[in-house]
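Asks: Residues per chain are reported as follows:
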Amino acid sequence: MSDSKRSKLNIFLLWLIPISFMLLFFCRPLLAIIRIVFSSRFSQGWAFFSWSQLTRPLFFSFQQAFLSTCLTLLVGLPAAFLFARYDFPARKMLRAFSLIPFILPTVVVAAAFNTLIGPRGWINLLLMHLFNLSTPPLSILNKLPAILLAHVFYNTSIVIRIVGQRLERLNPNLIEAAYVLHASPFQAWRSVALPLLIPSIGGAAMLAFLFNFTSFGVVLMLGGPGYATLEVAIYKQVFDRFNLPMAGVLAIVQLLVTWLIAIVQNRVGYTRFGNNSMAQVSPFRHRPKGRLEKTFVIMMCILLVLLFVMPLLSLTARSFVTLDAARGERGNVKTGFTFRYYTELFRNRRDSIFYAGPLAAIQHSLLYSFITMIIATVIGLLASYAIADSRKRFSRIIESLFMLPLGAGSVILGLGFLLTFNHAPWTSGSFPIILPIAHALIALPFVVRTMLPAIKSIPQNLRDAASVMGASPWRVRREVDFPILTRALMVSLAFCFTISLGEFGASGFLANASTPTVPIAIFRYLSQPGALNYGQALAMSTLLMITSVAGSFFIEHLRLPGKTGSPTSMKHLTGK
Amino acid sequence: MYEVQPMRIMKKNVRVIFVLMIILALLTACNPETAPGRTEGSDDFLNQSRGSCVSGYAGQPTNATTKPQQLTVMTHDSFSVSRDLIIAFETANNATITFIKSGDTGSALNRLILTSATSEQPEADVFYGIDNTFLSRALDHQLFDPYQPATLKKIPEVFKLDQHFNVVPINYADVCINYDKAWFDEHDLPIPQTLNDLINPIYKGLLVIENPATSSPGLCFLMATIAELKEDTARNFWISLKENDVVIASDWETAYYTHFSGSSGKGHCPMVVSYATSPAAEWIYAETQLDESPTGSIVEPGMVWRQIECAGILKNTPNRALAELFIDFLLSKAFQEDIPLQMFVYPVLPEAALPPEFELLTQAHDSYNTMNPSEIAENRDRWVNDWTEWMLD
Chain U
1 MSDSKRSKLN
11 IFLLWLIPIS
21 FMLLFFCRPL
31 LAIIRIVFSS
41 RFSQGWAFFS
51 WSQLTRPLFF
61 SFQQAFLSTC
71 LTLLVGLPAA
81 FLFARYDFPA
91 RKMLRAFSLI
101 PFILPTVVVA
111 AAFNTLIGPR
121 GWINLLLMHL
131 FNLSTPPLSI
141 LNKLPAILLA
151 HVFYNTSIVI
161 RIVGQRLERL
171 NPNLIEAAYV
181 LHASPFQAWR
191 SVALPLLIPS
201 IGGAAMLAFL
211 FNFTSFGVVL
221 MLGGPGYATL
231 EVAIYKQVFD
241 RFNLPMAGVL
251 AIVQLLVTWL
261 IAIVQNRVGY
271 TRFGNNSMAQ
281 VSPFRHRPKG
291 RLEKTFVIMM
301 CILLVLLFVM
311 PLLSLTARSF
321 VTLDAARGER
331 GNVKTGFTFR
341 YYTELFRNRR
351 DSIFYAGPLA
361 AIQHSLLYSF
371 ITMIIATVIG
381 LLASYAIADS
391 RKRFSRIIES
401 LFMLPLGAGS
411 VILGLGFLLT
421 FNHAPWTSGS
431 FPIILPIAHA
441 LIALPFVVRT
451 MLPAIKSIPQ
461 NLRDAASVMG
471 ASPWRVRREV
481 DFPILTRALM
491 VSLAFCFTIS
501 LGEFGASGFL
511 ANASTPTVPI
521 AIFRYLSQPG
531 ALNYGQALAM
541 STLLMITSVA
551 GSFFIEHLRL
561 PGKTGSPTSM
571 KHLTGK
Chain S
577 MYEVQPMRIM
587 KKNVRVIFVL
597 MIILALLTAC
607 NPETAPGRTE
617 GSDDFLNQSR
627 GSCVSGYAGQ
637 PTNATTKPQQ
647 LTVMTHDSFS
657 VSRDLIIAFE
667 TANNATITFI
677 KSGDTGSALN
687 RLILTSATSE
697 QPEADVFYGI
707 DNTFLSRALD
717 HQLFDPYQPA
727 TLKKIPEVFK
737 LDQHFNVVPI
747 NYADVCINYD
757 KAWFDEHDLP
767 IPQTLNDLIN
777 PIYKGLLVIE
787 NPATSSPGLC
797 FLMATIAELK
807 EDTARNFWIS
817 LKENDVVIAS
827 DWETAYYTHF
837 SGSSGKGHCP
847 MVVSYATSPA
857 AEWIYAETQL
867 DESPTGSIVE
877 PGMVWRQIEC
887 AGILKNTPNR
897 ALAELFIDFL
907 LSKAFQEDIP
917 LQMFVYPVLP
927 EAALPPEFEL
937 LTQAHDSYNT
947 MNPSEIAENR
957 DRWVNDWTEW
967 MLD
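Residue numbers (the numbering used here), protein chains in the order written: chain U, 1 to 576; chain S, 577 to 969.
Certain hints may be false.
Claimed, not checked - Selected chain U positions facing chain S (Cβ under 8 Å, derived; list incomplete): (1) Gly226; (2) Phe239; (3) Arg347; (4) Pro483; (5) Ser527; (6) Gln528.
Said to hold, decoys possible - The list that follows gives simulated cross-link-like pairs (lysine-lysine, DSSO-like), each with its CA atoms no further than 30 Å apart: (7) U:Lys143 with S:Lys909; (8) U:Lys143 with S:Lys780; (9) S:Lys643 with S:Lys909; (10) S:Lys818 with S:Lys842; (11) S:Lys842 with U:Lys143.
Calculated directly from the structure, the hints in this document are not laboratory data.
Note that CB positions come from ideal geometry on N, CA and C, so glycine has one too.
Put together the whole structure using the sequences plus the hints.
Replies: Dropping the structure here:
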């Protein structure tokens, strides 16, 4: 009796901190957004409201998300097939490259494509040189193709991961059985393999659609003033037009749509076929045979190198080259290889755009990531324990509560925070604690998705055995749970780190001029004229890219005692 | 078993205390919202949250200690000043000045209102660069604290935009279209003489303007068209301009240095909305000695807007005394005479001498448009909104 009472109290306590955190930092900002819409509605009618300002970004969000998703599938499905079925030289390296976009911050991707297809980008420089032109011939920057290209770059890795994993484990016996029954290869694929793959293709497509729909940084930086998704429209309503209630309306519409998509995605993604359709191991790759297969492999490799390797190489290369004059710099410009853009990062110019220069932005970003790691991991760990310990139905509801920030998107969080935490004690003091909290909220779903399976995997009998031998509950946690959880813990820490480091939407709202983060600094430098600013933006992007990639490499190659199997696989990727 | 019992009771107590502490912490965290005076009155969060922080400054004395005092000046991207002058000010007042460049005037102002007007301590002590088109928004949000420097007596009345001295005028300039002389010669096109010439298809895709929502010269040009053409005709003008492939940049720096062909950026538009004084800058900073400026300004009647830029002390600054000194410095003869060659605009102080090359190069003109401040205040947001719908949506 007293034992069950105690465990109830325990669970209640476990719940208390994460739930209060969510109520205070997630629900309250959302309520503040709703409030500002309706309070303005009552005080000034619908004067702030304009149908076209709602329908245009809504339509554009759907339009570009649809187009991007179709293009992504067009590239991603053959790529998934390539990696799942064929063995070829450099397969591993190419695959690793194709997974990199997933962890790259949007500002880096925008900067990378700027160096490739922008007016001062490599392709234009090459064309101008080849054909002796005075103006850049290719002008897709600030137009739809640039946005679509970046989205395909981003989301193809989702398709490769999700569909590829299914494809690799597709039981070849089933196809062989079809052959035995005299099915043609096409028939076998259409009626055996395709139905088994459809759920994963649908899931990947929905996920890609969701990301494209909520795309912020890419559209803001590559789309120019003429294009706005709902998220970009929210940002512009706030900072350009100064129309907060209209931003609130857009935020509510965006929330409804993304949650709707998420629900549909959940339905699509979880259709199950029997386990025996999937083999346990994946040894079904072979070298390409025949001319057809070889052509396919070569063509796909070229395409993937162009899509994945080129932008990143172009970014890195461009950050070491001076091609034109810095702003206000006249006379002969020395062009060629330079370290100047990197050394400039460590110089504090009086007339810099920021309070304390790029070096300070790097320091701020690192500090924020560190705090984000602590907050998100503590809250996420408590939440995961609470979910694992409580009854099934309740825990499922609460688990979805912790997934909600995913659908909300960082811009909406930023807006809500701006409306909610704009007074003391939040704004007092020189240190903005609010930004790491926002980052922690964005990272929380990932932490929960990483920790929960690990906690559930701890065999209860190990704990029982420890208790029987006289270990206190704390000692059980320390000596049984902790070693098993170490790996998951490290993974979620690394996740928090990369998310906070690259986060752009919420930071755009909350970081002020005296405490910029690296992505904000890149955004500002990139939009400034002159080669020095451009170069500094690229240098910072390159550094950010290296840090992010190193972070994820660390995750992939971490070998710690504890739960085997990679927690970075499917499960929480379907959540990003 | 016997030892376990008291332990358990103690643990329970600890837990209860723990729960109470968390509840207490949460309540205090939510407190500001439930405090009286916050929920009453307007629901506009900007007004609402200001109540709690007005007591922030009480004129803290500026101790002349050895450690230099910090002064932060927020301004637009195009701000520039001679280094020597700032160093002189810093040594004279034992201060360190930091300039924050926050985009073009419009976006800098909006961000300031949203992020720091409501906090106890503003992001900066002084804001430099607010102009007659954006002023009323700052005044509506009570961004500034009035200050009336002694020098103000010498400034002509026409520049004093705010009768309560929330801001003081520092410089003025005429916004108009600049053109690339070489390009027009080469293509043998006439220079546009009226606004309506700009919608002529021979100028298709040749003009770059700034977005009036974010940029003050952009807003000035919009105002000029409305003042000249009146609202209804202005609408048609802009829609035709859009059909004529006008390029829209979000700020002056990008428009001038990335898109304009006459600048060092060597863009591809031979016309840009800039200042009547910009050609002087191109001439003075030209790589080789030129007989005349490579660019010219179109200062025909009806195509020019007089812009007056001001500076003000932000509310709640802890460095009020130093901020006042800085405003005095901005109106001093030394700074005023530095303005023309640094920012290529005119000083408001009549006794400030203009550099000779400046006087020679700026094309003489005496007709410009401007508007009653109250008319601007009343209509600006609507006009900008309408413009955005015509041009961008």
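Asks: Decide, hint by hint, whether the structure agrees.
Replies: A quick look at each hint next to the structure:
no.: 1; hint: Gly226; in the structure: 6 Å, holds
no.: 2; hint: Phe239; in the structure: 5 Å, holds
no.: 3; hint: Arg347; in the structure: 15 Å, violated
no.: 4; hint: Pro483; in the structure: 25 Å, violated
no.: 5; hint: Ser527; in the structure: 7 Å, holds
no.: 6; hint: Gln528; in the structure: 6 Å, holds
no.: 7; hint: U:Lys143 with S:Lys909; in the structure: 48 Å, violated
no.: 8; hint: U:Lys143 with S:Lys780; in the structure: 19 Å, holds
no.: 9; hint: S:Lys643 with S:Lys909; in the structure: 28 Å, holds
no.: 10; hint: S:Lys818 with S:Lys842; in the structure: 23 Å, holds
no.: 11; hint: S:Lys842 with U:Lys143; in the structure: 21 Å, holds
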